[in-house]
Amino acid sequence: MALNRRYLNRFFIRFGLVTFTLLALGPVLWGVVTSLFPLSSLTSRPPDLNPVNLTIENYILVFDTSRGLFSGLINSFIIAFFTSAVALAVGSAAAYALARLNMPGSNLILMMILATQMFPGIVIAIPLFLVMSRLDLVDTHFGLIMVYLSFILPIVIWILKGFFESVPMELERAAAVDGATPLQTFQFVVLPISLPPLFATGVFAFIESWNEFFFAIILTRINVKTAPIAIAEFSGQYTTLYGQMLASAVLASIPVVILAIIFRRFILEGFVEGAIKA
Amino acid sequence: MATLELIHLVKKFGEFTAINDISLRVEESEFVTLLGPSGCGKSTLLNMISGLEDVTEGEIKMNGKVVNQLGPFERDVAMVFQNYALYPHMTVEENIGFSMRLRKRPKEEISSRVKGVANMLELGHLLHRLPRELSGGQQQRVAIGRAVIREPSIFLFDEPFSNLDAALRVKTRGEIKELHQRLGVTSIFVTHDQEEALSLSDHIAVLSTGKLEQLGSPEEIYSKPASKYVARFIGSPQMDIFSGDFETIDGNLAYRIGQASIPLPKEITYPNQTLDMGVRPEFVMLGSSGFPASVRLVQPVGPFTYVTVDWQGGSVTARVNGVSHLKVKENLHVEFDPTGMLFFDRESEKRRDI
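In order, the protein sequence lines correspond to chains A and B.
Under our numbering, think of the first position of the first sequence as 1, with each following residue one higher.
Under our numbering, think of the first position of the second sequence as 1, with each following residue one higher.
Misleading hints may appear alongside valid ones.
Over the 10 Å line for every Cβ pair with chain B, so calculated as not near, a few chain A residues [stated by the list, open to error]:
1) ARG6
2) ASN53
3) ILE60
4) LEU61
5) ALA94
6) PHE129
7) ASP136
8) ILE207
9) PHE214
Some chain B residues close to chain A (C-beta under 10 Å, calculated; not the full set) [what the hints assert, rightly or not]:
10) SER50
11) GLY51
12) GLU74
13) GLN82
14) TYR84
15) ALA85
16) PHE98
17) LEU102
18) ARG103
19) PRO106
20) ALA147
21) GLU151
22) LEU156
Source of the hints: derived by calculation from the structure; they are not laboratory data.
Note that the structure is a prediction, hence the values are computed from the model and not measured.
C-beta: ideal position from N, C-alpha, C; glycine also.
Using the sequences and the accompanying hints, generate a full structural model.
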């Protein structure tokens, strides 16, 4: 009886996981398929997925034409790279200060940081556009990086603050007793054990800004068009080039997937485990 | 090896006074325990000695030199933390050798010193493990190793056994005592466990809410507690303390508790003040003579049995050798050994010799 129930539980858990995976992966798979077939075989009924029709024509075309995908990828990379770098540098310092220093008003600061997350983008879109255009920051890398930081940095600060608070104070005290200067304590103790959460939040910040669409479409024109915008532009007023659009989407997903694979180990690893015997 | 002197030490956190005018002196090679309940300030005091916490008022002297302004490392102290605080990303070898690596000692020297210390602490076979791969007792020994390799003037221990189970605790206690006998390094040990304090220390400093209640040898602290507070804190089960009065019966002095009048030895003269009387279980006898009482509670602890009896509206606990066959509600008589009776001022709660 108990055994049956266990099997039943397992069955439902696996069923749920498989369903979720299919739901999540389905559109991705269909996107890959679409990018590899000519439009004619996709629009025929039923779709003609005969492997002889497989083609990489779409992938060649997206770089051939003056669609701006390539420059979009470059722009996205510049913006995502600097956003995550600044988010980590500023965010870790802020989080460390908020977690460790007894500052007056630190709770208020934290709440204000969190409060910035409570406005839907659409609410601030118009005022933000006005501010950015007055500052001449529309269609600049710097402008978009600043806007992305404004919503990514608070999350990074909150995540890292939680981590730093879980690091026992005694580790730093032990290092001080062992004769480490504050800088050495940071270099040899705090930084090494903070690498996994730093990687995780860094990857998070990168993906967030890499994928961002809403502010990008409002705040860019020509020069700083990011990959998501370039992809969207395959859908025109009269025709939509599905094959090329999805080929671009697949290409744009590759860096993110690679990031996730490389840092998976660091993201999952809990170095702090074992620092303290619970 | 060093002497340590605390002179009128005060520590305030804002309005809150954590350490209130504590003075004490620790001689070279002494093992001194700071003992008190949680929140009494003993860890704060240790952190002040280590240099991790600064001093609000007063002076800390090591070997006669004021060290208030020096950091932990310059004070040449090593510390073992309650949660060990091992560096989680470093192996046992790296943990123990970290202080030498910071001082840029040559690799071969570090490695041979680490091996020496590790072998002494029976960690030799674990050098390449990470802290999370060790048992609690092993982690504890790594923490001690990290302190030992420094060859400091003073060892500081902040409740180092509180994360160990009971059996391991007693074993580690023995190891620490042996280590101290072997190295002879002046040691300050913080604990809330009276048994640890009594078994390890040359001297015990009993603290209560930031104040030093008593500094003395374990025997003094146990048999001549300076106050009711110390008397109650040391000894398990607790000392029983009664509020009675002196009286003279037929020219002989006695102490009356309820209806019972306990005769006192001839040497004691009438003290002319109101005093409370305390007595430890080993000075209470149960038998057929004395004052009538009835058994309330029987607690065997192996070599002894503690028997608590209802007596004069309250209760008193006696220590009986071996196993007791007394039953609850059984009637018997209770007697007191006057040599074990201690008197405390009812107002100030200080002990008075009479």
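We went through each hint and held it up to the structure:
Chain B leaves ARG6/A outside its interface by the beta-carbon criterion, the shortest separation being 30 Å against a cut-off of 10 Å. Its beta-carbon lying about 53 Å from the closest one in chain B, ASN53/A satisfies the requirement of being farther than 10 Å from that chain. Listed as a non-interface residue, ILE60/A keeps its Cβ farther than 10 Å from every Cβ of chain B; the least gap is roughly 47 Å. Every Cβ of chain B is farther than 10 Å from the Cβ of LEU61/A; the closest lies at roughly 49 Å, confirming the non-interface assignment.
No beta-carbon of chain B is positioned within 10 Å of the beta-carbon of ALA94/A; the least distance is around 24 Å. Non-interface status of PHE129/A relative to chain B is upheld: no Cβ of that chain comes within 10 Å, the nearest being about 46 Å off. Its beta-carbon lying about 46 Å from the closest one in chain B, ASP136/A satisfies the requirement of being farther than 10 Å from that chain. Every C-beta of chain B lies more than 10 Å from that of ILE207/A, the closest at about 26 Å, which supports listing it as non-interface.
At the 10 Å boundary, the C-beta of PHE214/A stays outside the reach of chain B, the nearest C-beta of that chain being 40 Å off. Using the Cβ-Cβ criterion of 10 Å, the hint placing SER50/B at the interface with chain A is satisfied: the shortest such distance is roughly 6 Å. Because the beta carbon of GLY51/B sits about 8 Å from the nearest beta carbon in chain A, less than 10 Å, this interface hint is met. A cut of 10 Å between beta carbons decides the hint on GLU74/B: the least distance to chain A is about 9 Å, and the hint holds.
Against a cut-off of 10 Å between C-beta atoms, the interface hint on GLN82/B holds, since the closest Cβ of chain A lies about 8 Å away. Look at TYR84/B: its Cβ gets to within about 7 Å of chain A, closer than 10 Å, so that hint holds up. Taking 10 Å as the C-beta contact cut-off toward chain A, the hint placing ALA85/B at the interface holds, the least distance being around 4 Å. Annotation: interface hint on PHE98/B holds; nearest CB of chain A at approximately 5 Å, less than 10 Å.
Given hint, LEU102/B at the interface with chain A, holds; its Cβ is 5 Å from that chain's nearest Cβ, closer than 10 Å. At about 7 Å, the closest approach between the beta carbon of ARG103/B and any beta carbon in chain A falls short of 10 Å, and the interface hint on this residue holds. Interface hint at PRO106/B: violated, since its Cβ lies 17 Å from the closest Cβ of chain A, which is beyond the 10 Å cut-off. Among the interface hints, the one on ALA147/B holds; its C-beta lies about 8 Å from the nearest C-beta in chain A, closer than the 10 Å criterion.
Interface restraint check for GLU151/B: the shortest CB-CB distance to chain A comes to about 13 Å, outside 10 Å, so the restraint is violated. Hint status for LEU156/B relative to chain A: holds, with the closest Cβ pair at about 8 Å, below 10 Å.
Consistency with the previously given hints fails for numbers 19 and 21, ordered from lowest to highest.
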